[in-house]
Amino acid sequence: MKIFRFVLFSLLISCVANAQVTEKDTTKMGYVLKDTDTLSNEPIELPEIIVYKEHLDPEARKQFTLLQNRVYKVYPYAKIGAEKLSALNKGMNALKTGKEKKKYFKIAENYMENEFEAQLKKLSRKQGQILVKLIYRQTGQTTFQLIKDLKSGWKAFWSNNTAKLFDINIKEKYAPYEVNEDYLIETILVRAFNRGRLVKQEAANPVDYDELSDFWEKKANELKK
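Those letters in the sequence shown? Residues -19 to -1, 1 to 206, per mature numbering (1 follows the signal peptide of the UniProt record, and there is no 0), in order.
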């Protein structure tokens, strides 16, 4: 029983501590892409086009900024979820009896539901869909898989009811080599990590960002021919 209490306490401390995002001036929440930023020569694709940073028109800048702010908002939830999943699995493995595991699982579930469900329901549909992608980036599993696996405890973190409110695809994966929006998300994350805007957590399946950028630059050049 002492082991059970210690593991539970450790999980709760981990969840609370890692829920914090690096503090920054709130004026930076509306950060706008500028010519002085270090994104030179990296292709950016917005609806049906691929353009370069120095050629972005006002509408393209607006759309990129919207995506950036959405990533800033939901990435911490994906990060917390991945940490929680890891801590929960370790905690379950440390317990001996089925009774202790069941109790531990229920308390952890209730904690996540009380702590995050209300916040998740406030997200927009587009924010929710980006969160689904980032959950895959951080865990290597789709939100659907995590909900289906009762042992993971994600049923409380992202309930089916919450997903229905968003009307989103919880089976969607994160594919930065296939989906240009995912490449842009990776660009936003890399820049945010380098600037200390977000706290970095290694992806479940890391990608070489330089290689990824070269891939999209080559594709952009091919479309320009």
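Everything labelled a hint here was simulated from the structure, so no lab data went into it.
Only a predicted model underlies this, so the values are computations on that prediction, with no experimental measurement involved.
Please note: incorrect hints may appear among the correct ones.
Between beta-carbon pairs, the in silico distance windows are [to be verified]:
{"id": "1", "residue 1": "Gln44", "residue 2": "Val171", "range": "29 to 37 Å"}
{"id": "2", "residue 1": "Asn202", "residue 2": "Ser67", "range": "37 to 45 Å"}
{"id": "3", "residue 1": "Glu203", "residue 2": "Gly79", "range": "52 to 60 Å"}
{"id": "4", "residue 1": "Arg42", "residue 2": "Ser105", "range": "37 to 45 Å"}
{"id": "5", "residue 1": "Asn70", "residue 2": "Phe174", "range": "37 to 45 Å"}
List time: in silico DSS-like cross-link candidates among lysine-lysine, alpha-carbon distance up to 25 Å [what the hints assert, rightly or not]:
{"id": "6", "residue 1": "Lys87", "residue 2": "Lys107"}
{"id": "7", "residue 1": "Lys71", "residue 2": "Lys107"}
{"id": "8", "residue 1": "Lys54", "residue 2": "Lys43"}
{"id": "9", "residue 1": "Lys129", "residue 2": "Lys103"}
{"id": "10", "residue 1": "Lys82", "residue 2": "Lys154"}
{"id": "11", "residue 1": "Lys82", "residue 2": "Lys71"}
Every residue, glycine too, gets a C-beta built ideally from N, C-alpha and C.
Holds or violated: Lys71 and Lys107, Cα atoms, limit 25 Å.
Violated. Lys71 to Lys107 sits at ~32 Å, over the 25 Å cutoff.
Can you tell me whether the CB distance of Arg42 to Ser105 sits inside 37 to 45 Å?
violated, 20 Å
Given the hinted pair Lys82 and Lys71, is their Cα-Cα distance within 25 Å?
With Cα atoms ~11 Å apart, Lys82 and Lys71 stay inside 25 Å; holds.
Quick check on a hinted range of 37 to 45 Å for Asn70 and Phe174, using CB atoms only.
violated, 25 Å
Given the hinted pair Lys82 and Lys154, is their alpha-carbon gap at most 25 Å?
violated, 30 Å
Range first: 52 to 60 Å. Now tell me if the beta carbons of Glu203 and Gly79 are that far apart.
For Glu203 and Gly79 the Cβ distance comes to about 57 Å; the hint holds.
Holds or violated: Lys87 to Lys107, with C-alpha atoms at most 25 Å apart
violated, 30 Å
Supplied distance hint 29 to 37 Å, evaluated on CB atoms of Gln44 and Val171
violated, 19 Å
Take the C-alpha atoms of Lys54 and Lys43, compute the straight-line distance between them, and say whether it is at most 25 Å.
holds, 17 Å
Has the hinted range 37 to 45 Å been met by the Cβ atoms of Asn202 and Ser67?
Given about 40 Å between the Cβ atoms, the range holds.
What's the verdict on Lys129 and Lys103, does the C-alpha distance respect the 25 Å limit or exceed it?
holds, 23 Å
Violation of the numbered hints given earlier is confined to hints 1, 4, 5, 6, 7 and 10; the remaining hints are satisfied by the structure.
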